[in-house]
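As a plain string of letters, each chain reads:
2 protein chains.
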Amino acid sequence: MNKPRTKSEVKRNQILDAATVQFTQHGYAATSMDLIAKLAGVSKQTVYSHFGNKDELFITAISYKCELLGVGELLPENLGPVEPTLTLFAQGFFTMITSADSMAVHRTCAAESLAHPHLSRLFFEAGPLFVIDKLANCLTEYHRRGELDIEDCRQAAIQFLAIIKGEQWTRLEFNIEESLSEQEINHYLQSSVRLFVRGYQSLS
Amino acid sequence: MNKPRTKSEVKRNQILDAATVQFTQHGYAATSMDLIAKLAGVSKQTVYSHFGNKDELFITAISYKCELLGVGELLPENLGPVEPTLTLFAQGFFTMITSADSMAVHRTCAAESLAHPHLSRLFFEAGPLFVIDKLANCLTEYHRRGELDIEDCRQAAIQFLAIIKGEQWTRLEFNIEESLSEQEINHYLQSSVRLFVRGYQSLS
DNA sequence: GTCTATATAGCGATAGAC
DNA sequence: GTCTATCGCTATATAGAC
Chain A
1 MNKPRTKSEV KRNQILDAAT VQFTQHGYAA TSMDLIAKLA GVSKQTVYSH FGNKDELFIT
61 AISYKCELLG VGELLPENLG PVEPTLTLFA QGFFTMITSA DSMAVHRTCA AESLAHPHLS
121 RLFFEAGPLF VIDKLANCLT EYHRRGELDI EDCRQAAIQF LAIIKGEQWT RLEFNIEESL
181 SEQEINHYLQ SSVRLFVRGY QSLS
Chain B
1 MNKPRTKSEV KRNQILDAAT VQFTQHGYAA TSMDLIAKLA GVSKQTVYSH FGNKDELFIT
61 AISYKCELLG VGELLPENLG PVEPTLTLFA QGFFTMITSA DSMAVHRTCA AESLAHPHLS
121 RLFFEAGPLF VIDKLANCLT EYHRRGELDI EDCRQAAIQF LAIIKGEQWT RLEFNIEESL
181 SEQEINHYLQ SSVRLFVRGY QSLS
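Residue numbers (our numbering), protein chains in the order written: chain A, 1 to 204; chain B, 1 to 204.
Check the hints yourself; a few may be wrong.
Stated by the list, open to error - Derived SDA-like pairs: lysine to any residue, alpha-carbon spacing no greater than 25 Å straight-line:
hint	chain 1	residue 1	chain 2	residue 2
1	A	Lys165	B	Ile176
2	A	Lys134	B	Trp169
3	B	Lys165	B	Met103
4	A	Lys165	B	Glu184
5	B	Lys44	B	Met33
6	B	Lys165	A	Lys54
7	A	Lys165	B	Lys38
8	A	Lys134	B	Gln168
9	B	Lys165	A	Leu35
10	A	Lys134	B	Arg194
11	B	Lys165	A	Leu172
12	A	Lys165	B	Ser181
13	B	Lys165	A	Arg145
14	A	Lys165	B	Ile132
15	B	Lys165	A	Ser99
16	A	Lys165	B	His187
17	B	Lys165	A	Asn137
18	A	Lys134	B	Ser179
19	B	Lys165	A	His118
20	A	Lys165	B	Leu189
21	B	Lys165	A	Gly72
22	A	Lys134	A	Arg145
23	A	Lys165	B	Thr95
24	A	Lys54	B	Leu114
25	B	Lys54	A	Met33
26	A	Lys165	B	Ser191
27	B	Lys165	A	Leu114
28	B	Lys54	A	Ser99
Just so you know, these hints were derived from the structure itself, not from any lab.
Assemble the whole structure, with the sequences as input and the hints as a guide.
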């Protein structure tokens, strides 16, 4: 956002870009400070002057990537009819979480969750928790309107998001070659929205 | 299963045990061949004579651990009424996938899925895919009896398993300290079974 | 087969010149 | 601030004695 003015800031950004790519692509352990310096076109010492040590650079890079993913703009301001709105949201959410970038960040954070609990927590709050709250508010509104009969909206949001992730996401997580076709995925998403709406429909 | 007869086989088992614990507990990169040798009470060279290199030992150890987890015995032979049966299955499934051992293997396989696709595929088939098929058969039976109205039973199985995993599993994956209470979890599982049954109930 | 000792290489981090 | 050169350490893997 802030345009770099000094030469220092330019190099800092180069380092951060290179680090972000390497950390998310190959994980923490497999990424060396030497390689980051080389890819950023600076010396290793310059990397250390800017970020102190590997951990600090790692945390900065992942936080930076989380911002870029932009989880916030998935639900519309004014909610339309339940089923079409949820279907649209489901498609957007699914596309987002199965994107290569999102998968890469998730994988890296999960892998380092034991060594860097601070980092995985940061990701968990900016990602899953954030979306849960957003959707829970949306479901509360539908409940208020009497279109859905939900006792615990936060719980229902968790259930909805979990269904949408489904199997395809796990396939990607494990890097399984054969993935589902776009048609199969759309069929799955539609079926899932229907299951959810039927499960929580108002009977009155 | 096979009782080791020679001294060689005893040492091989010691190595495999130590390797399994270390790899699942601390991951691939953080586990050194030196430590495995030390914990197994043998020399490093002995480790190499038995398993060639680190990768081969890794794959052998994880495969071994997958067998031990025993995913097969979650559904009863004779299916009772839908809701109680699914509730019991949900509890068993949830307990299994959130166990420390299961989490550890999952984490390790996912983390190494890029470097060892053969391994992650092995886990994916022995774990998630296996359970999906089992549950799909069960749902097919309920559909045949007319107790559930399911168009695609495999898809429905995926949906059910995804809901059950829910948020708590993700918390564990990211090593988030605050986890849900047993009461909250049971409430979630019951609510999820109800959602599923209502969403797929026969209307006739 | 099994051990001790070692070769070889890559890592994170630092020292000192400019 | 930035560079080159290097330290100190640990890793995988191997050589050679028993």
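Status of each hint after checking the structure:
Among the hinted pairs, lysine 165 of chain A with isoleucine 176 of chain B is consistent with the structure: their alpha-carbon atoms are about 20 Å apart, no more than 25 Å. A threshold of 25 Å between alpha carbons decides the hint, and for lysine 134 of chain A with tryptophan 169 of chain B the separation of about 20 Å falls inside it, so the pair holds. Taking the CA atoms of lysine 165 of chain B and methionine 103 of chain B, the gap is about 12 Å. The hint holds against a cut of 25 Å. For the hint pairing lysine 165 of chain A with glutamate 184 of chain B, the CA-to-CA distance comes to about 22 Å; that is within 25 Å, so the pair holds.
Proximity of lysine 44 of chain B to methionine 33 of chain B is assessed by CA-CA distance (about 7 Å); at most 25 Å being required, the pair is judged to hold. Simply put, lysine 165 of chain B and lysine 54 of chain A have alpha-carbon atoms about 34 Å apart, too far for the 25 Å limit, and the pair is violated. Using a Cα cut-off of 25 Å, the hinted pair lysine 165 of chain A and lysine 38 of chain B is violated, with the two alpha carbons roughly 42 Å apart. A threshold of 25 Å between alpha carbons decides the hint, and for lysine 134 of chain A with glutamine 168 of chain B the separation of about 18 Å falls inside it, so the pair holds.
With a C-alpha separation of about 38 Å, the suggested pairing of lysine 165 of chain B with leucine 35 of chain A is violated against the 25 Å cut-off. Annotation: proposed proximity of lysine 134 of chain A to arginine 194 of chain B holds, straight-line Cα distance about 24 Å (limit 25 Å). Simply put, lysine 165 of chain B and leucine 172 of chain A have alpha-carbon atoms about 17 Å apart, close enough for the 25 Å limit, and the pair holds. Between lysine 165 of chain A and serine 181 of chain B, the direct Cα distance comes to roughly 24 Å. Compliance with the 25 Å bound is thereby established for this hinted pair.
Simply put, lysine 165 of chain B and arginine 145 of chain A have alpha-carbon atoms about 29 Å apart, too far for the 25 Å limit, and the pair is violated. Between the alpha carbons of lysine 165 of chain A and isoleucine 132 of chain B the distance comes to roughly 15 Å, so the proposed pair stays at or under 25 Å and holds. With a C-alpha separation of about 21 Å, the suggested pairing of lysine 165 of chain B with serine 99 of chain A holds against the 25 Å cut-off. For the given pair, lysine 165 of chain A sits about 22 Å from histidine 187 of chain B by alpha-carbon distance, which is consistent with the 25 Å threshold.
Using a Cα cut-off of 25 Å, the hinted pair lysine 165 of chain B and asparagine 137 of chain A holds, with the two alpha carbons roughly 22 Å apart. Between lysine 134 of chain A and serine 179 of chain B the CA atoms are separated by roughly 21 Å; this keeps the pair inside 25 Å, and the hint holds. Taking the CA atoms of lysine 165 of chain B and histidine 118 of chain A, the gap is near 23 Å; set against the 25 Å cutoff, the hint holds. In summary, the hint linking lysine 165 of chain A to leucine 189 of chain B is supported, as the alpha carbons are separated by about 18 Å, within the 25 Å threshold.
A threshold of 25 Å between alpha carbons decides the hint, and for lysine 165 of chain B with glycine 72 of chain A the separation of about 24 Å falls inside it, so the pair holds. Distance restraint check for lysine 134 of chain A and arginine 145 of chain A: the Cα-Cα separation of roughly 17 Å lies within the 25 Å cut-off, and the hinted pair is therefore satisfied. Restraint check for lysine 165 of chain A and threonine 95 of chain B: satisfied, since their Cα atoms lie roughly 20 Å apart, inside the 25 Å limit. Taking the CA atoms of lysine 54 of chain A and leucine 114 of chain B, the gap is about 22 Å. The hint holds against a cut of 25 Å.
Proximity of lysine 54 of chain B to methionine 33 of chain A is assessed by CA-CA distance (about 24 Å); at most 25 Å being required, the pair is judged to hold. Simply put, lysine 165 of chain A and serine 191 of chain B have alpha-carbon atoms about 19 Å apart, close enough for the 25 Å limit, and the pair holds. With a CA separation close to 20 Å, the supplied pair lysine 165 of chain B and leucine 114 of chain A stays within the 25 Å bound. Proposed proximity of lysine 54 of chain B and serine 99 of chain A is contradicted: the alpha carbons are some 32 Å apart, above 25 Å.
Comparing the model with each numbered hint stated earlier shows that hints 6, 7, 9, 13, 28 do not hold.
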